[in-house]
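Protein chains: 4
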Amino acid sequence: MEHMIQFFKNDRFAERVGIELLEVSEGSARARMEVKDHHLNSVNIVHGAAIFSLADLVFSVASNSHGTVAVAVNVNITFMKAASKGTLFAEATEVSRNPKLASYTIRVTDEAGELIALFQGMVYRKKDKIFP
Amino acid sequence: MEHMIQFFKNDRFAERVGIELLEVSEGSARARMEVKDHHLNSVNIVHGAAIFSLADLVFSVASNSHGTVAVAVNVNITFMKAASKGTLFAEATEVSRNPKLASYTIRVTDEAGELIALFQGMVYRKKDKIFP
Amino acid sequence: MEHMIQFFKNDRFAERVGIELLEVSEGSARARMEVKDHHLNSVNIVHGAAIFSLADLVFSVASNSHGTVAVAVNVNITFMKAASKGTLFAEATEVSRNPKLASYTIRVTDEAGELIALFQGMVYRKKDKIFP
Amino acid sequence: MEHMIQFFKNDRFAERVGIELLEVSEGSARARMEVKDHHLNSVNIVHGAAIFSLADLVFSVASNSHGTVAVAVNVNITFMKAASKGTLFAEATEVSRNPKLASYTIRVTDEAGELIALFQGMVYRKKDKIFP
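These protein sequences, in sequence, are chains A, B, C and D.
Going by the numbering used here, the first residue of the first sequence is number 1, and it counts up by one from there.
Going by the numbering used here, the first residue of the second sequence is number 1, and it counts up by one from there.
Going by the numbering used here, the first residue of the third sequence is number 1, and it counts up by one from there.
Going by the numbering used here, the first residue of the fourth sequence is number 1, and it counts up by one from there.
Just to be clear, a hint being listed does not mean it is correct.
The list treats identical chains as interchangeable, and a pair is accepted whether it falls inside one copy or across any two copies.
[To be verified] Okay, derived cross-link-like pairs now, EDC-like style, lysine to aspartate or glutamate, Cα gap no bigger than 16 Å in a straight line:
#1 Lys36 x Glu94
#2 Lys81 x Glu94
#3 Lys126 x Glu23
#4 Lys9 x Asp37
#5 Lys81 x Asp110
#6 Lys100 x Glu15
#7 Lys127 x Asp110
#8 Lys81 x Glu114
#9 Lys9 x Glu23
#10 Lys36 x Glu15
#11 Lys81 x Glu111
#12 Lys126 x Asp110
#13 Lys9 x Glu20
#14 Lys81 x Glu15
#15 Lys126 x Glu34
Source of the hints: derived by calculation from the structure; they are not laboratory data.
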């Protein structure tokens, strides 16, 4: 999946937020985000949108890993536990896939393995190839 | 609501992403994000997580506007339309509120007023005051 | 939209639950459910699944009203307020639609007009005509 | 958990729909629904609301299994695959729980074990005991 890793080097938002892709295989992906000051909100905990961004990256990588363009159409995220430091991890698993739609579950955990957030995402799968 | 505006000056993630709070009143808020290169994903459209971040800011401001701490527990977001440039706007409206839980609808629109995403968020309301 | 009303006469689940379709036009629909004993759960309030069923009917009617088959792929429902008697109403509004996907917001209210639940649903639109 | 089984005998909506509770333990539950004519919609597939009802029952049983009243506040359901006959099963797993909020994942499968729907639900936990 070297080409997927190259592909996601162009994701400027993930770079801006500071997310590092660790692994990718067909239908799954794993990433991490080391908590920095710029991830915090006004009450000094990691911003929900930073957690979403981490989960969204592996969602995007996993759903595009089959080689055709997948576009996010719906996401549901539940926040279980606050985090304020250390490293957060996200792991995407493919739950279902047909030629048009696919669904993924992403678990965001902290260093102790505790669940920080649960993310359920659906993509619409286009016919366009990622690498024409 | 000057104190809310001050409060959100401490939101370092919103600042990192480049979101500007425009208005806040009890239960509602409005913000904008001028699309920059760092908001784009690998296929040059605005990243879903950037759109989420914009919506999440007004969700947070609106739900904390009553003066007690509100913590996001669940969000559902539907992406309607891709955006790649210009300025995006988000507006939060309070849908329901009791002493423990409250719900908000956030509409993200582009300069032409077209709907880019619809965000439905729920908070758990703590007893802690924002300004003790 | 007489044909839509006929079409939904075949919805045996809606009939079983006791839902009455009141109105349908392109992209929207309205229905009601008079609360009966069989809608109640173990603590004598209207079952979340009964409220979902009412909302789901207008979602289905509104999304199929354009004449091509629309299949529900995702729903998010937030329950705001308990109900235990009287009549509940559901109204569906089309939020967005392209040839493949469409989204609807359904508000469930009681007789006093208070919001009982907010339902956000997405359909996948097939090419099949409802009436060949 | 005999008392939970007794408790859910009072769920008139589950009875009306035709759902049978199979198992309950702390934080989890399993049920089944034999597909009958009254579960079908206008195009002869199992109604989304019937599938929701099945999932919602185990969600309710699992979240109330700790002995204090749990009230559904948000549900996200994704429909993966149509079903038209046979028996459907739902299984609830507790994902997280604190004194105020808890989250559950419910998988709805058919006889072949294929995933029909994935349901993510959140409850607000009251202080009231189920059996005073």
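Evaluated hints:
no.	hint	result
1	Lys36 x Glu94	neither (29 Å within a copy, 31 Å between copies)
2	Lys81 x Glu94	between (24 Å within a copy, 15 Å between copies)
3	Lys126 x Glu23	neither (24 Å within a copy, 35 Å between copies)
4	Lys9 x Asp37	between (23 Å within a copy, 14 Å between copies)
5	Lys81 x Asp110	within (10 Å within a copy, 33 Å between copies)
6	Lys100 x Glu15	neither (29 Å within a copy, 32 Å between copies)
7	Lys127 x Asp110	neither (36 Å within a copy, 27 Å between copies)
8	Lys81 x Glu114	within (8 Å within a copy, 31 Å between copies)
9	Lys9 x Glu23	within (13 Å within a copy, 36 Å between copies)
10	Lys36 x Glu15	both (13 Å within a copy, 13 Å between copies)
11	Lys81 x Glu111	within (13 Å within a copy, 36 Å between copies)
12	Lys126 x Asp110	neither (34 Å within a copy, 24 Å between copies)
13	Lys9 x Glu20	within (10 Å within a copy, 27 Å between copies)
14	Lys81 x Glu15	neither (25 Å within a copy, 23 Å between copies)
15	Lys126 x Glu34	neither (33 Å within a copy, 28 Å between copies)
Violated hints for the displayed structure, listed by number in ascending order: 1, 3, 6, 7, 12, 14, 15.
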